[in-house]
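**Q** In case you want the letters, here they are:
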Amino acid sequence: MIGLVDYGMGNIKAFSNIYKQLDIPHKIIFSEEHFKDVEKIILPGVGAFDHAMMRLGKSGLLETLNDLVLNKKKPVLGICVGMQMMAKSSEEGTLSGLGWIEATVNKFNKEELGDNKPLPHMGWNSVNHIEGNPLFKDIKSNSRFYFLHSYYFKPLSKEYSVASAEYGDKFTCATSLDNIFGVQFHPEKSHHNGMQLLKNFSNL
Amino acid sequence: MLYPRITPCLLVHNKGLVKTVKFKNSKYIGDPINAVKIFNEKEVDELIVLDIDATVDNREPNYKMIENLANECRMPLCYGGGIKIASQAQKILSLGVEKISISSAVFDNPDLVREISTEVGSQSVVVVFDVKKKLFGGGYDVYTHNAKNKIKQDLLELVERVQDLGAGEIVINSIDNDGLMNGYDLDLIEKVKNRLNIPMTALGGAGVLEDMGKAIDKFGIIGCAAGSLFVFKGKYKAVLINYPNQEKKNQIINNK
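As they're listed, the protein sequences go chains E and F.
The first sequence runs 953 to 1156 under my numbering.
The second sequence runs 3 to 258 under my numbering.
Note that these hints are calculated values from the structure, not bench results.
Note that this is a predicted model, so its numbers are computed, not measured.
Misleading hints may appear alongside valid ones.
Unchecked claim - Mimicking DSSO-like on lysine-lysine, the simulated pairs with C-alpha atoms at most 27 Å apart in a straight line are:
no.	chain 1	residue 1	chain 2	residue 2
1	E	LYS1024	E	LYS1092
2	E	LYS979	F	LYS193
3	E	LYS1069	F	LYS26
4	F	LYS237	E	LYS965
5	F	LYS251	F	LYS237
6	F	LYS250	E	LYS1069
7	F	LYS220	E	LYS1122
8	F	LYS44	E	LYS1089
9	F	LYS216	F	LYS193
10	E	LYS1069	E	LYS1010
11	E	LYS972	F	LYS39
12	E	LYS1092	F	LYS237
13	F	LYS29	F	LYS17
14	F	LYS44	E	LYS972
15	E	LYS1069	F	LYS220
16	E	LYS992	E	LYS965
17	E	LYS1092	E	LYS1040
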């Protein structure tokens, strides 16, 4: 059973639509007791970092979520701001992140990007992943995924980076550490590649 | 590499899809959900759906229709039509829509852009400008209510203003070129793009893929949207939902 964490800041419906189509059991989590039979967790996120952290804090889900991820080692997949929340902090806000991975979230530098690369980074970009990560099983390197963001996840160690994309410089667009996974792009809106990735997560 | 976005734009009128010429003479195209299903199969980059009745009829967005569309859409969806306040935008995004577009309400109250973007994030806020060439002097006017009401403000000043207020994307829709399929107004695109550091999408006039290729050659990363191109086939404009495959898109992107 995959749990989709609903703390009021994500496009939960897009995920349930895909898992419904794939015929994979899933449920929406908006109260602690919903976690009971959940084996894997998806943490979506759209919008501003602080707003998301605040909403997650107020949701009453945070304690159980930390326990399931850090102690019980349940696989978790953070998406977009959901991935960024796994870092320690973000330049977008002042609140602390979940701190599950040693990383910061930085803003793309407008000057370095120049006039021809607008922000937000919006649209389809090619994603290069390292060999062997189960999240990218049966997905070719250089496949296209949909991005929509102005901040990016910067892990302290290269080891936590399993895929990168290029916008100005290369940046990490997928992270992995033990049972913790995160992607900056939107697999739920990336056609067959995204669907494959969400399927791979369910097979972990 | 970030690819230019190639985006079908669908108009909803009386619950059906239509295509207009210069914002008039709407021709019935078919059922919206059916079109979305076909565009899913063709793996389109993103989709814009505009309800062209909502503002004119002064009514709320049709949430049921939006939800039905979002349930089918496997690509990013931008919805526009009838959004006047931030809570409506929030509600629409919660239905599984990625971006909302606003137009007439912004010109009554530009601060709306700030209100909505603070609540849902700039990345989800698109401002659509319907523009028409001035009769004299070479400038452009902005219109609302399906090209019936003229706004008494300068296009380029307005564009900069909404960008400063937190818009995440600008769509420039040429009323003069709508449905003519003779190519984009590249001059208009250039004028607006020079003022922007957020993404921009051009709409109005694309008749063949090469029209999009020309815009991409000239402007690099730009959104290229079209209605007629993706719903009609041939000289007599037979209705046929279509969209280029990746290979064809690469050809126009790389100019080969």
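**Q** For the pair we were handed, LYS1069(E) and LYS26(F), check the Cα-Cα distance against 27 Å.
**A** Roughly 35 Å between the alpha carbons, so the hint for LYS1069(E) and LYS26(F) is violated.
**Q** Between LYS1092(E) and LYS237(F), is the straight-line Cα distance small enough, at 27 Å or below?
**A** Violated, at roughly 40 Å.
**Q** Checking one constraint from the list: CA of LYS216(F) to CA of LYS193(F), max 27 Å. Satisfied?
**A** 16 Å, holds
**Q** Keeping to a limit of 27 Å between CA atoms, is the pair of LYS1024(E) and LYS1092(E) held or broken?
**A** Violated, at about 32 Å.
**Q** Taken at face value, is the distance from the CA of LYS1010(E) to the CA of LYS1069(E) at most 27 Å?
**A** Violated - the C-alpha atoms of LYS1010(E) and LYS1069(E) are around 36 Å apart, more than 27 Å.
**Q** Sort out whether LYS1040(E) lies within 27 Å of LYS1092(E), counting only the CA atoms.
**A** 31 Å, violated
**Q** Regarding the pair LYS992(E) and LYS965(E), is the alpha-carbon distance no greater than 27 Å?
**A** 17 Å, holds
**Q** Checking one constraint from the list: CA of LYS1069(E) to CA of LYS220(F), max 27 Å. Satisfied?
**A** 14 Å, holds
**Q** For a C-alpha distance cap of 27 Å, please report whether LYS44(F) and LYS1089(E) respect it.
**A** 23 Å, holds
**Q** Quickly compare the C-alpha distance for LYS250(F) and LYS1069(E) to 27 Å and report which way the hint goes.
**A** 24 Å, holds
**Q** Verify the proposed pairing of LYS979(E) with LYS193(F), using a straight-line Cα cut of 27 Å.
**A** Violated, at roughly 49 Å.
**Q** Against the 27 Å threshold, does the CA-CA distance of LYS44(F) and LYS972(E) hold or violate the hint?
**A** Cα-Cα ~21 Å, so holds.
Of the numbered hints listed earlier, those contradicted by the structure are 1, 2, 3, 4, 10, 12, 17.
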